[in-house]
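First to last, the sequence lines map onto chains Y and B. The first sequence maps to residues 1 to 305 in the working numbering. The second sequence maps to residues 1 to 358 in the working numbering.
Fair warning: there could be bad hints in the mix.
[To be verified] Partial chain B-side listing against chain Y, Cβ under 8 angstroms, derived: (1) Asp187; (2) Gly217; (3) Leu270.
Just so you know, the hints here were simulated from the structure itself, not pulled from any lab data. Beta carbons: idealized from backbone N, C-alpha and C, even for Gly.
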Amino acid sequence: MTEKLLEIKHLKQHFFTQKGTVKAVDDLSFDIYKGETLGLVGESGCGKSTTGRSIIRLYEATGGEVLFNGENVHGKKSRKKLLEFNRKMQMIFQDPYASLNPRMTVADIIAEGIDIHRLAKTKKERMQRVHELLETVGLNKEHANRYPHEFSGGQRQRIGIARALAVDPEFIIADEPISALDVSIQAQVVNLMKELQKEKGLTYLFIAHDLSMVKYISDRIGVMYFGKLVELAPADELYENPLHPYTKSLLSAIPLPDPDYERNRTRKKYDPSIHQLQDGEKMEFREVKPGHFVMCTEDEFKTYL
Amino acid sequence: MTRLLEVKDLAISFKTYGGEVQAIRGVNFHLNKGETLAIVGESGSGKSVTSQAIMKLIPMPPGYFKRGQILFDGRDIVPMSEKEMQTIRGKDIGMIFQDPMTSLNPTMRVGKQITEVLFKHEKISSEAAKKRAIELLDLVGIPMPEKRIGQFPHEFSGGMRQRVVIAMALAANPKLLIADEPTTALDVTIQAQILELMKDLQKKIDTSIIFITHDLGVVANVADRVAVMYAGQVVESGTVDEIFYDPRHPYTWGLLASMPSLDSTDQEKLTAIPGTPPDLTNPPKGDAFALRSSYAMKIDFEQEPPMYKVSDTHFVKSWLLHPDAPKVEPPEAVKAKIRQLPNTYQHPVLMKEGEKND
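Excised from the complex, chain Y in its bound form (with noise of 0.2 angstroms):
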């Protein structure tokens, strides 16, 4: 395979309330590779969202490292050191209508990461690479001097998709990009996503709950339960060869556009109970077949084998 962009070491991100401790990310590790799009699937609450917000660092980690391109994204940093990650690593909400500030043009959204690195020197050039910007995404420049409540959501999510590019980032977390929009224009932003993939060559971590989606556009694929990745393989590989139970009953639950598929399907559910722990044995992420790992005991693991 190709160089590790990201590596991710036994994230821990541990809230703290009230009522306890909550490890919505507990115990994380995999890695990302340069040009690849990893999918992250689960259901809500099982921290697929919180891994993403700790990687780009919107929540400080409670523990374990981040790194990328071989450097820590946490701890301690000088204010210059800061920037180069906050530019390297870009993020598009899952809301496109929460996630534009509706008091700002169009061109001073996308402009302000642009403003924030200094990437233009004069008005004209940051005009211009926000027209680019516009064009890149398939709006166009007369759309620079409009606010956000005059986009539909697809649209809404383009600009979103504009502002992340704007400051020329390698790596882009999107958290659940199209679960807002229509069926129709859901296509229309993955294939977007898509093709700026190619030609920039960005690295995406896809984070979603629309499985038949995600299988589509990452080439891996894991599936988070409780805080804890439970498999982890290529997504061909995940769909066809499922191992850890979790993973099944997700993909058993799945309704596909297909009635006699839909007549026959049965749902399997899944019971954490069924993992026999030997007395101190405790669950381990292992590697299968070579890029597949799966969360299992010593007895499970020589079954899969």
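Since chain Y is already given, all that's left is putting chain B on it; use the hints.
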């Protein structure tokens, strides 16, 4: 089969500062007893307005009925007064809303929200009402219902809340249940549970269901028949097999092709429908979908297409079915699933003005 609901040439508009928004423009469909009809379409296609019209929940003004009838159990509900409607709403027609987080009252105990429906429509003692509320929660699969009725909505998870909403909708044993995107806000695993629950309940209490969604996977799972809406009109309707295995309208093709299938291993581009739905303040002349369709012909921009009958149950509103129209091929993803269905006519038949969609 007995007709429970029949919507005839229904048109509803909203008066706004920007002009008259023609949210639905002549919708025809019907629903039989014990049947599930799925209405699919993008946001703004009029599917929610249609369902709210059946409940008469449309704020008037700014909305108003332009023309048409809604026959529920043979009675037209369009001219009914609010008082008459209140005897139907919640009793004969129940509704499940999209977002279980906002459709429950956060300051009221769950039990009370359910019994409220019962007190409104039946003469019932508070003892019996409480018993019935417990039964209902049990019916929708909520564990420990005796304890749960005393709790507030925030003590329930999203899936459990949607179950409560379903229990409320079912409290008065409605003949018709309208579910407006009931699973959109839920996870796949929870969605699967809710869908199973709804199908199971339908068998038990024999209600008819109108299921509004934009997820075609869900449609394939729950529906007996499907109506595809676009720009305030039903552009294609038929049995679930007819819509998925023999779709005829280019918009239906577009919807089906824009979803990636799980078994496709090829990494080709999704066929997205270009553009956005039209503005209904000023609906386009001719076929509303023409602007976004690669199959559009000259006539599509000039004259509205009529309804064609492809089988006894399958109706399509497109000029492509005209005998003089050129033969066109649907997108690859759709073509792969097309099969010959037994009841299809040799040639599509043009429907006459006022002919019923049976």
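Against chain Y, with CB atoms and a cut of 8 angstroms, does the hint on Asp187 of chain B hold up? Holds. Min distance 4 angstroms.
Is the interface hint for Gly217 of chain B satisfied, with its Cβ closer than 8 angstroms to some Cβ of chain Y? Hint holds; Gly217 of chain B Cβ to chain Y Cβ min 3 angstroms, cut 8 angstroms.
Should the interface hint for Leu270 of chain B be scored as holding, given a Cβ-Cβ cut-off of 8 angstroms against chain Y? 4 angstroms, holds
Checked against the numbered hints listed earlier, the structure breaks none of them; every hint is satisfied.
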